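Engineer: Each chain, letter by letter, is given below.
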Amino acid sequence: MDVELLEIRQHMGRFPPFEGLSDDLLDEVAGQVEVAYFKAGSDVLTLDQEVHDFCYIRSGAVEVYRRGGELYNRLGEGDIFGHFSLLRNRRARFPAKAMEDTLIYFIPEAVFYQLCEADEHFADFVEVERPRLESTVEEHKKQNDMMITRVRKLVSRYPVMVEASTTVQEAARLISDYQASAVLVLDAPGDNPRYTFRDSEGRAWQVKGILTDSDFRTRVVAEGRPADTPVGEVIAHQLIAVQSDESVHEAMLCMLRNNIHHLPVMHRRSPVGIVHLSDIIRYETQSSLYLVSNIFHQSSSEGLARLTPDVNAAFVRLVEEGADSRMIGVALSTIGRSLSRRLLELAEAELGPPPVPYCLMALGSMARNEQSIVTDQDNALVLSDDFDPEQHDDYFLALATRLSDGLAACGYAYCKGDIMATNPRWRQPLAVWKRYFREWIQEPTPERLLHSSIFFDLDTVFGDNPLVEQLQDLVAELAPRHPRFLASMARNALGRTPPLGFFRTFVMEKDGKHNNSINLKRRGTAPMVDLIRVHALACGSRAQNSFERLEDIDRTQLLAPGVSDRLRYALEFLSMSRIRHQVIDLQHELAPDNNIEPENVSDTERHNLKDAFQVLSNAQKFLKFRYPMPSRSR
Amino acid sequence: MRLPRGRRPPAVPGWPEYLAKRATLAQDPLLARFFATGMPGPETPIGEAPMVALDMETTGLDERRHAIVSIGLVPFTLGRIHLAERRYWVLRPPRPLNAQSVTFHHITHSDIAGAPDLNEILEELLAAIAGRLMVVHYRHIERPFLEAAVKARRGEGLMCPVIDTMSLEARWHRQSLLARFKRWIGRPPASIRLYDSRARYGLPVYSGHHALIDALATAELLQAQVATHFTPETPVGELWS
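Protein chains in written order, with numbering that gives the first Met the number 0: chain A, 0 to 633; chain B, 0 to 240.
For the record, the hints were derived by calculation from the structure and aren't laboratory data. Bear in mind the structure is a predicted one, so any value in this text is a computation, not a measurement. C-beta atoms are modelled at their ideal positions from N, C-alpha and C, and glycine is treated no differently. Be aware that one or more of the hints could be misleading.
Claimed, not checked - Stretch by stretch, here's where chain A covers chain B in the computed footprint (C-beta under 8 angstroms, at least three residues): (1) 68-80; (2) 196-206; (3) 217-223.
Claimed, not checked - To give an idea of the chain A side of the interface with chain B (calculated C-beta under 7 angstroms), a few residues: (4) E6; (5) Q31; (6) V32; (7) E33; (8) A35; (9) Y36; (10) K38; (11) R57; (12) S58; (13) G59; (14) D100.
Said to hold, decoys possible - Now the in silico label distances, taken between C-beta atoms and shown as ranges: (15) E237(B) - E49(A): 27 to 35 angstroms; (16) E49(A) - S240(B): 32 to 40 angstroms; (17) A590(A) - R170(B): 53 to 61 angstroms; (18) P231(B) - E49(A): 14 to 22 angstroms; (19) A39(A) - P187(B): 24 to 32 angstroms; (20) H139(B) - I239(A): 48 to 56 angstroms; (21) D116(B) - D198(A): 36 to 44 angstroms.
Could you build the full structure based on these sequences and the hints that come with them?
Structural biologist: Written out as structure tokens, the structure is:
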């Protein structure tokens with residue numbers, strides 16, 4: 000490796016798509032760059048200018064414009080631009096201007112093509128034909144395979160690190176403070192460049208060794224060393240570590256071979272964590288299946304409420320195992336349905352059998368099998384037409400109250416819009432429900448549907464299934480024939496729009512304004528689900544799950560070829576992003592929410608989110624055009 | 000810092016004449032070829048001048064007592080720095096290293112044990128800089144060291160015009176009226192060291208004291224200085240010294 004290029008390659012190696020390159024390729028790229036400085040306000044690329052390289056922002060910031068002069072993007076350190084032009088006719092498609100004093104590394108086209116050839120991830124990242132969102136989602140699916148699970152998934156936090164001159168006493172205190180079981184020992188760079196890295200302040204260090212709990216016993220106390228012994232004198236001479244992209248299996252073998260219980264995990268040359276044998280053992284234990292069977296063994300609502308931590312743990316584990324959003328959505332909805340069902344069983348046991356047949360109807364995310372960990376309860380009761388309010392409603396009110404309170408105790412918040420079976424309006428016989436749906440569909444206005452769209456995701460949870468199935472049939476039959484209804488639903492689906500993307504630590508809105516955080520449900524998954532619902536209603540689909548709805552939509556000519564795939568990948572990515580950030584919250588013992596803060600978003604994720612927002616934005620434009628409001632005179 | 004005395008370069012207007020004279024008088028074939036290649040004249044716009052940024056690490060500051068241990072260079076123009084054409088040599092100094100200099104430039108005894116003498120790479124070095132305007136940060140190191148080292152080996156020196164990014168910085172931060180006023184009211188002068196100067200133009204922090212990285216850093220600094228204080232049409236005669 001060229002030491003002289005370290006400065007350049009280390010910087011590039013931190014950002015996608017270069018972060019995944021092999022060291023050799025990265026050296027090759029670093030050695031070929033051309034550098035240029037641009038004063039704030041000067042043009043980096045002018046429209047239609049001939050280009051023979053693409054741009055990497057080493058420092059500063061750049062604004063990219065569309066042909067018409069509309070702001071397309073703001074890019075900062077580590078971002079690339081201009082590569083689309085190389086794949087096209089080598090003319091700059093989007094002009095770019097320096098917002099701040101900016102240093103650009105130009106990477107020649109020959110290197111660009113070589114990278115596309117040599118590195119699949121790089122090609123996926125820059126390729127227009129196969130958007131990176133798709134490749135990211137596909138990549139995630141590949142990683143789902145347990146055999147190739149990377150050891151980095153077991154790393155839960157950054158390692159505690161001390162300098163070699165630190166005393167053993169100080170190191171022991173740090174280990175206690177951080178509730179760790181080992182520290183990494185650092186020293187000035189020396190004999191082993193494999194473990195030499197730079198910290199955030201640019202200082203070079205070499206990882207010299209590891210000091211574990213048991214080392215204090217065997218190497219310090221048992222040998223009678225004083226408390227002020229420097230840790231550098233105590234550690235073993237040879238450091239055994241694994242790379243973060245090695246498999247869990249490989250890490251386990253490494254521990255066995257060397258008879259060690261702690262294994263430092265490196266990403267390239269930098270330490271990123273320490274894996275303990277118990278992390279691997281924990282990784283191999285039970286799953287959310289076990290949780291569901293446990294729900295049905297509970298004999299009281301208090302018992303069910305005590306399972307809440309297990310629900311969170313199952314959620315975190317699913318994500319860590321690499322499950323996709325559909326698997327997680329189904330698992331959590333199943334847990335929610337099981338809890339509802341068990342609460343009704345317990346209520347029936349107490350109140351006696353129901354006087355007339357009924358069915359508990361799930362609405363919203365539970366009906367779609369897309370529940371996440373942050374959710375409120377949306378449910379309703381569909382009663383047999385033999386229902387007589389005078390005689391029977393006391394029973395069903397009691398039933399609904401037990402359900403609702405029980406769910407609240409399990410962490411499912413009461414519905415703010417009061418869409419719960421405790422509300423008499425949503426505790427009605429089938430005939431009334433049919434009337435509700437007919438009114439919504441045949442005499443719609445956007446205002447009237449604004450709070451009712453949740454009813455168009457509906458599914459049976461427990462009870463007499465045909466009651467809810469009849470309603471599903473009714474909707475599937477009526478909706479496609481009512482353009483005004485579809486137009487009203489479409490208009491409501493446009494009420495929430497995605498942001499343009501991210502810039503540094505801000506969310507950037509389309510008008511160039513900045514925000515500090517973004518509600519990924521409100522600005523991402525919810526509008527996506529809304530627009531998929533409109534198309535699904537238009538084509539008479541009976542599916543409730545958004546991905547299944549997309550499959551039904553695919554059987555029609557409603558969307559241009561490839562569009563539904565893009566929607567699928569965008570929804571998957573948005574959902575997973577939201578889920579991952581909820582896991583981060585749980586791991587930090589914070590209440591999970593739907594917000595993500597740009598500073599917690601990795602560079603790769605940032606790029607992918609931006610792409611997903613773009614897909615959503617385009618799909619919203621199409622929705623407006625596809626379902627126009629028919630004129631009143633009809 | 001003690002500045003080297005004597006051997007003052009010829010007065011600024013005299014560079015073309017000086018170079019022409021050297022081209023006819025040079026005895027050494029390498030130097031004759033170097034001076035015959037010529038150099039951008041004083042009227043050349045900076046935007047069109049081929050340049051080469053050069054930096055060296057030395058065992059000390061006095062060219063008569065200390066030696067060059069590494070040279071890094073990177074050819075560039077105002078528009079682009081051509082990193083692919085970079086050159087870097089570790090050199091074996093005729094005098095042994097002392098411990099203090101090792102800590103300064105990180106080049107160790109084992110690095111130089113198998114390294115060539117400057118004489119062995121002189122042809123490559125001259126080929127890389129011939130026809131280009133040399134750009135350095137603080138000319139009172141690079142120029143006298145090159146002059147002395149080449150003279151010791153070939154009997155004649157290597158004197159040529161250079162653009163010194165440090166003295167350009169000094170124009171604004173040491174010699175300007177505002178700078179003098181600030182000094183008069185007791186404000187400490189702005190640092191014109193390479194990495195402090197770069198920070199003023201928003202250029203990134205590089206880890207210093209590697210000749211190639213410092214040469215790259217110098218080339219970037221000149222691009223930034225010209226973008227800020229001059230235009231691509233500025234004649235090089237206004238910039239060199």
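Engineer: Next, verify each hint and record whether it holds.
Structural biologist: Status of the hints after comparison with the structure:
1. 68-80: n = 5 at 8 angstroms, threshold three: holds.
2. 196-206: holds (count 7)
3. 217-223: With 4 residues closer than 8 angstroms to chain A, the stretch 217-223 of chain B meets the three-residue bar; holds.
4. E6: Holds, because the Cβ-Cβ distance from E6(A) to chain B comes to roughly 5 angstroms (cut-off 7 angstroms).
5. Q31: With a minimum Cβ separation of about 5 angstroms from chain B (threshold 7 angstroms), the hint on Q31(A) holds.
6. V32: Because about 5 angstroms separates V32(A) from the closest Cβ in chain B, which is inside the 7 angstroms limit, the hint holds.
7. E33: 4 angstroms, holds
8. A35: 5 angstroms, holds
9. Y36: Status holds, d = 4 angstroms.
10. K38: The hint holds - K38(A) has a Cβ within 7 angstroms of chain B, the shortest such distance being about 4 angstroms.
11. R57: 6 angstroms, holds
12. S58: With a closest approach of 4 angstroms, the S58(A) hint holds.
13. G59: 6 angstroms, holds
14. D100: 3 angstroms, holds
15. E237(B) - E49(A): 27 to 35 angstroms: 31 angstroms, holds
16. E49(A) - S240(B): 32 to 40 angstroms: 37 angstroms, holds
17. A590(A) - R170(B): 53 to 61 angstroms: Since A590(A) and R170(B) have Cβ atoms about 59 angstroms apart, the given range 53 to 61 angstroms holds.
18. P231(B) - E49(A): 14 to 22 angstroms: 19 angstroms, holds
19. A39(A) - P187(B): 24 to 32 angstroms: 27 angstroms, holds
20. H139(B) - I239(A): 48 to 56 angstroms: 51 angstroms, holds
21. D116(B) - D198(A): 36 to 44 angstroms: 38 angstroms, holds
The structure fails none of the hints (numbered hints given earlier).
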